[in-house]
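Under my numbering, the residue at position 135 of the sequence shown is numbered 338, and the numbers go up by one with no gaps.
Hints were generated in silico from the structure; no laboratory data involved.
It cannot be assumed that every hint is accurate.
DSBU-like, lysine-lysine: derived pairs with alpha carbons at most 35 angstroms apart [stated by the list, open to error]:
| no. | residue 1 | residue 2 |
| --- | --- | --- |
| 1 | K464 | K338 |
| 2 | K475 | K429 |
| 3 | K464 | K429 |
| 4 | K464 | K477 |
| 5 | K477 | K429 |
| 6 | K338 | K475 |
| 7 | K338 | K477 |
| 8 | K475 | K464 |
| 9 | K338 | K429 |
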Amino acid sequence: MTETGGNLLGTYLKDRRAKLDPASFGLPLRRRRTPGLRREEVAQRANVSATWYTWLEQGRGGAPSADVLDRIARAMMLTDIEREHIFLLGLGRPPEVRYQTPEGVTPRLQRVLDAFEVSPAFVKTPTWDVVAWNKAAAAVLTDYAQLAPEQRNILRLIFRDSGVRSRQDNWTNVARFVVAAFRADAARAGATNAIQGLVDDLGRESPEFAAMWRNNDVRAHGDGTKTLHHPEVGPLQMEYSAFAVDGRPDLGMVIYNPLTKGDADKIRTLMKGKKKASR
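Please model the entire structure based on the sequences and the hints provided.
Given below as structure tokens:
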């Protein structure tokens with residue numbers, strides 16, 4: 204840790220500590236001359252010496268370990284983004300990923316999806332479970348609402364749903380890409396253990412998946428073009444882009460945009476047909 208980095212970390216920790224509410228930590232409010240927690244209180248909660256913690260706020264004593272920063276983050280009840288920030292200041296890198304089961308999407312994020320009128324869009328977890336989608340996605344890709352939540356998984360659909368499989372322009376290439384991007388996403392999120400059940404299930408059910416998984420390929424989802432052969436409107440050409448959801452490292456958004464006006468018109472036709480069928 205450089206001298207400048209140490210000063211930045213110390214300044215940030217001192218500022219965070221001053222803004223903490225002692226009552227929320229079960230600490231007495233009497234006889235406090237300054238706001239926030241005392242240094243020795245943070246040190247005790249983090250299981251480090253008060254002297255060492257004082258040096259840390261003063262930018263002295265060398266770089267802290269990742270374990271110590273993690274304990275300080277817990278001691279001060281920092282948010283995930285605040286925890287990441289002290290790692291960047293103290294060690295010059297983000298913390299190791301801690302995979303957590305994703306929560307649902309907010310109404311605001313759902314409204315973002317719904318704003319794409321003829322662009323199929325959905326939100327997926329690091330384990331590629333689809334947790335939100337718009338009407339265009341339901342009409343063009345899969346009507347996820349008709350599936351049980353545990354079946355709304357992109358890998359399960361690619362390898363187990365004959366309808367999804369038949370729509371792919373080159374199923375083998377698509378499946379290889381999906382498996383490689385899925386592996387990279389899961390590893391990046393620290394979800395390797397969380398996906399083991401899914402991998403085992405698909406490996407037993409699909410020799411094709413088992414062979415692709417053994418290849419250990421990794422790919423970034425990124426962006427590109429995709430052709431779907433829809434049974435109702437024929438070929439659909441779309442370009443796709445994958446985005447991280449800021450503030451939600453557990454979620455990613457994928458948006459498919461129709462490549463031409465004709466493709467957009469086909470999507471409108473599918474959406475009108477789906478709307479009539481639901482009446």
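Quiz item: Which of the numbered hints above does this structure break?
Solution: none
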